[in-house]
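Enquirer: Use these hints to put chain P onto chain Y, whose structure you have.
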Amino acid sequence: MMDNEKVKIRIKLSSIIRRWEFTIFGLLIVIFIINVILSPELFRIHNLLDATLTFTEKSIMVLPMTLLIISGVIDISVGSISAMSGVILGVCFKAGIGIWYAAVIGIFVGLVAGFINGLIITKLKIPSIVVTLAMMLFYRGIGYILLGDSAVRDLPEKFGILGGAYSITFIPIQFLIFIVLAVIFGVLLHTTTFGRRIYIIGNNENTARYSGLPVDRTRLVLTAVMGFVSGLSGVLLTSRIGSARPDIAMGTEMTVITIALLGGVYIFGGRGTILGVVISAFILGYIHYGLSILNIQEQVIRIATGGVLIIALLIPTFVEKIREKAFERSR
Amino acid sequence: MISKTGLKSQLSTIYRRREFDVFIVIVIVMVVVGLRNPTFFTKENWKDMLMYVSILAFISIGQMMTIITGGIDLSVGSVLALSGMSVGMIMREYAFLHPIILILTGTIIGLSCGFLNGLLIGKGRIHPLITTLATMSIYRGLVVVVSRSLWVAYGDITPGFRLIARGNTLGINNLMFSALIIAIVSYYFLNHTRKGREIYAYGDHQEAAKFVGINGANINMLVFSISGMLAGFGGVLWVSRVHTAQANTALGYEMQTIASCVIGGVSIFGGVGNVIGVLLGTLLFGVILNSLELIGIVDFYKLSAQGFIILVAVIFDAIISHRVAEQMRKQRRIFNDGQ
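Sequence order for the protein chains is Y and P. Residue 381 in my numbering sits at position 249 of the first sequence, and the numbers go up by one each step. Residue 73 in my numbering sits at position 72 of the second sequence, and the numbers go up by one each step.
Bound-form chain P, shown alone:
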């Protein structure tokens, strides 16, 4: 009897959770698109789509952490391009380098970019939005400087490097594998470690967190370093996946990561959000982008469609949260009346 009610309440919390909504929408979109165009369910299509989604997924997880602290990281697209371009240029000159060294180089470049963001935000006390707005253009400019106005073409990519994206680990494509590992590690980090909980606490109420003894500057540096590091890692994988690096690689990518977070239920006010939501959010975003292609909607409609998706998610979110706030107020009133 007890277990039954326990199950029931558990089910109702699942229903009420954001992830469930997103999941339902994913299924609906998939069914509709699958009926319109059966190639949607082919293995090849799924592989392509998941490879795209994988990189987006773990960069979005980094983005999520910054949004949870109440900030935002607009520089991820530029960091990705900078890391990808630098690695590509290094590879052009020194083709004998092992791919793992290149991955490490890219990750370290991303980490240092992110650390600089964190330093300016934490120690320099500049608002994250403005800091990353500025560093976004700085890093993007550095891409041009690093590339000396050249670009990494297909021929410059060594076979070993190509294998980073094409190869498999334990039977799963490397990109998906790394996304999975990063997701699991961040899930553990955010939910089961002290620092992870501190990130939520800091995002929920910065003043209160300060009085509890949480060092805001350190949290910011940590979070933005992670975000930069993941973007740097993503940059290497990106170049390995698409076989080119240009000055405008991943232009506007930050919007996609933010969109994935918002769709996945990360509150833009900070303090709310989890890894599973973001994963589903990215998947939904990827599925929709893919479907647009398959249904035969011209490329030019894509931008508007993306904007529209974000808008719908946001409006949906706002309506729900207003309703929750209203309910809480009513409950409080009942409680007060009872007294």
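Just chain Y, with the same shape it has in the complex:
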């Protein structure tokens, strides 16, 4: 009886260890330790939370992106959408609209942009990567058309609250938004029918269609949500840097997709968890933070980001190869 229990626990443990989330959690701890060695100051709750400020704008975009990739669609126009939202916020503010209404308009524009993406992808049945590739240039261009090389600088002080201020004692508002969104998306993906539907659609689109699931409508909703959150992220970023400019969030799509894939989301859809993605957001965030403390340039940091992504994706292949070899030897 006791043995049975033990075996059960062991099986459970091994299944946890074999899970991707566990691997990257280990990675997170390693990176965390390296960070603390490099700058012992980090190990204070204040600094830990401050460090999150630099990557929460990206992290909130990862959540809908996870759902989107699981459903078999990818959106690489997210960076451009957030830049466009930020610019539209600035333009509206300059035109005399109240700053909070301008923010709402900015987010709404993001929603519309995502919706347009979704319409083209689902109605015309074009691969999402190509559509959003084109839209990435298109939306970025709209930002430039509206503002050119200039920037809207004199945003009111109180608007900066969104990006940099603390809510309850020391938790930044941005981070709070990320946590709330993570919970919402986690619940949506892992406990609701809608969430199960996303997995089924991503696993096999045709099966889902023949089973009568609204494939197109689901994807349309997801792309619209993606646009909404990108818009929100653009507003937060604008608030943090204190000016609306068309060249913000360049290359964000790359970071967002990196976080999602490192978090165990399968690029062809059907697999992935919110937990994994949240852990991987922290990994990339703290890598970024640690390296920028060492005064390393942004673009050089991206070497590390890319390297981590490749290593993370090579691990499964190598494990499989070692297993194959062991299997052959045992025969």
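Among the clues, some could well be false.
[Said to hold, decoys possible] Calculated lysine-lysine pairs in the DSS-like style (CA-CA distance at most 30 Å, straight line):
(1) Y/Lys457 with P/Lys48
(2) P/Lys48 with P/Lys303
(3) Y/Lys453 with P/Lys124
(4) P/Lys303 with Y/Lys226
(5) P/Lys211 with P/Lys44
(6) P/Lys303 with Y/Lys255
(7) P/Lys196 with P/Lys211
(8) P/Lys211 with Y/Lys453
(9) Y/Lys457 with Y/Lys140
(10) P/Lys44 with Y/Lys257
(11) Y/Lys257 with P/Lys303
(12) Y/Lys453 with P/Lys48
(13) P/Lys124 with P/Lys44
(14) Y/Lys257 with P/Lys211
(15) P/Lys211 with Y/Lys457
(16) Y/Lys255 with P/Lys331
(17) P/Lys124 with P/Lys196
[Unchecked claim] Some chain P residues well away from chain Y (every beta-carbon gap over 10 Å; in silico):
(18) Met52
(19) Arg141
(20) Thr170
(21) Gly172
(22) Leu191
(23) Val213
(24) Val288
(25) Phe301
(26) Gln307
(27) Asp318
(28) Arg334
What the hints contain is simulated information worked out from the structure, not anything from laboratory work. Cβ atoms here follow ideal geometry from the backbone N, Cα and C, with glycine treated the same way.
Expert: Leaving out everything else, chain P in the frame of chain Y:
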């Protein structure tokens, strides 16, 4: 009589081909722009435009090969910048080196970058899109490392190096000449050699290709090496053409190569595409970019316009392919009824 019907069917296949559509659009755009601004047809303008298009053309051919295998190479812009920057830095230090050595160096740098991509994709079994997304930022970061935050300015370029882009071979500008040679070689390679056909077969159906005995890993390594090599070569020519190399050289260039491929009828699903289509696609892309400038559209509109062009090409493509699929289904039904 027979020859007449033969000619007729040949003509109808030409009409139906993608290249013809693109060609017509090029002509229309040229006429419209030429009417608006006669400087479009001046020799100088054409030379400038074709010099720009040449580099884009052969890098797009490399891109096409990766897309035909069902992959994509997002790292070409970064490889181009890395090769250009490295060569520029070498030239700053050792100005006496012959341009040909520099060209070779740049090409080898590109080749090794591409080979690394291919290795990760073929042997590491990572999806091409993700691999090159990651290597794109790695190579771009390396550009900054190599440059030590400096940049290659006009004064650093030796006269011999300048001549790479300005000089002529057989009466044609070097850039156009090299693009032409690369296009002819790749045309022969893709259509008349065993390996070339294997690339199409692999892209058309990876599983089937495996059963026929095509080694997917080798195909990937080959294709991405070629793409990287061409990008590396392009990097040297780029620096020679614009006389500078910066950390953000050719930022977003991969989008232009992909756009040229998509416009030229390369299917993003793999297995379809040819060199002539891509050449015309690049030409159309170049003509449109040039026209925007000539009509006096501000630089800021360029990005949106590029995106819009890609979108139109893609939508056009999708509508045609849906129609073809529909037709095939109808034909099959007729065939089945006949049985």
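Enquirer: None of the hints should be skipped; say for each whether it holds.
Expert: Outcome of the hint check:
1. For the given pair, Y/Lys457 sits about 58 Å from P/Lys48 by alpha-carbon distance, which is inconsistent with the 30 Å threshold.
2. Using a Cα cut-off of 30 Å, the hinted pair P/Lys48 and P/Lys303 holds, with the two alpha carbons roughly 21 Å apart.
3. Restraint check: the Cα-Cα separation between Y/Lys453 and P/Lys124 comes to about 11 Å, which is no more than 30 Å; the hinted pair holds.
4. A C-alpha spacing of about 24 Å is found between P/Lys303 and Y/Lys226, which places the hinted pair at or below 30 Å, so the restraint holds.
5. This hinted pair does not check out: P/Lys211 and P/Lys44 have alpha carbons roughly 50 Å apart, beyond 30 Å.
6. Between P/Lys303 and Y/Lys255, the direct Cα distance comes to roughly 27 Å. Compliance with the 30 Å bound is thereby established for this hinted pair.
7. Under the criterion of a C-alpha separation no larger than 30 Å, the hint pairing P/Lys196 with P/Lys211 is consistent with the structure, at around 14 Å.
8. Pair hint P/Lys211 plus Y/Lys453 holds up; C-alpha atoms about 19 Å apart against a cutoff of 30 Å.
9. The straight-line distance between the Cα atoms of Y/Lys457 and Y/Lys140 is roughly 28 Å, inside the 30 Å bound, and the hint therefore holds.
10. The hinted pair formed by P/Lys44 and Y/Lys257 fails the criterion: a straight-line CA distance of about 42 Å is larger than 30 Å.
11. With a C-alpha separation of about 27 Å, the suggested pair Y/Lys257 and P/Lys303 falls inside the 30 Å cut-off, and the hint holds.
12. Using a Cα cut-off of 30 Å, the hinted pair Y/Lys453 and P/Lys48 is violated, with the two alpha carbons roughly 53 Å apart.
13. A threshold of 30 Å between alpha carbons decides the hint, and for P/Lys124 with P/Lys44 the separation of about 49 Å lies outside it, so the pair is violated.
14. Taking the CA atoms of Y/Lys257 and P/Lys211, the gap is near 28 Å; set against the 30 Å cutoff, the hint holds.
15. With a CA separation close to 22 Å, the supplied pair P/Lys211 and Y/Lys457 stays within the 30 Å bound.
16. A hinted pair counts as satisfied when its Cα atoms are at most 30 Å apart, and Y/Lys255 with P/Lys331 qualifies at roughly 22 Å.
17. Between the alpha carbons of P/Lys124 and P/Lys196 the distance comes to roughly 19 Å, so the proposed pair stays at or under 30 Å and holds.
18. Consistency note on P/Met52: stated as away from chain Y, and its beta-carbon is indeed over 10 Å from all of that chain's, at 23 Å minimum.
19. Remark: the non-interface label on P/Arg141 conflicts with the geometry, its nearest Cβ contact in chain Y lying 6 Å away (cut-off 10 Å).
20. Consistency note on P/Thr170: stated as away from chain Y, and its beta-carbon is indeed over 10 Å from all of that chain's, at 35 Å minimum.
21. With a minimum CB-CB distance of about 37 Å to chain Y, P/Gly172 clears the 10 Å threshold, and the non-interface call stands.
22. Look at P/Leu191: its CB is around 22 Å from the nearest CB on chain Y, clear of 10 Å, so calling it non-interface holds up.
23. At roughly 23 Å from the closest C-beta of chain Y, the C-beta of P/Val213 stays outside 10 Å, upholding its exclusion from the interface.
24. In this structure P/Val288 is separated from chain Y by more than 10 Å, as the shortest Cβ-Cβ distance comes to about 18 Å.
25. Against chain Y, the non-interface label of P/Phe301 is violated: not every CB pair exceeds 10 Å, the least being about 4 Å.
26. A Cβ of chain Y approaches the Cβ of P/Gln307 within 10 Å, the least distance being about 5 Å, so the stated non-interface status is violated.
27. At the 10 Å boundary, the C-beta of P/Asp318 falls inside the reach of chain Y, the nearest C-beta of that chain being 8 Å off.
28. With a closest Cβ-Cβ approach of about 20 Å to chain Y, P/Arg334 is found to remain outside the 10 Å limit, as its non-interface label requires.
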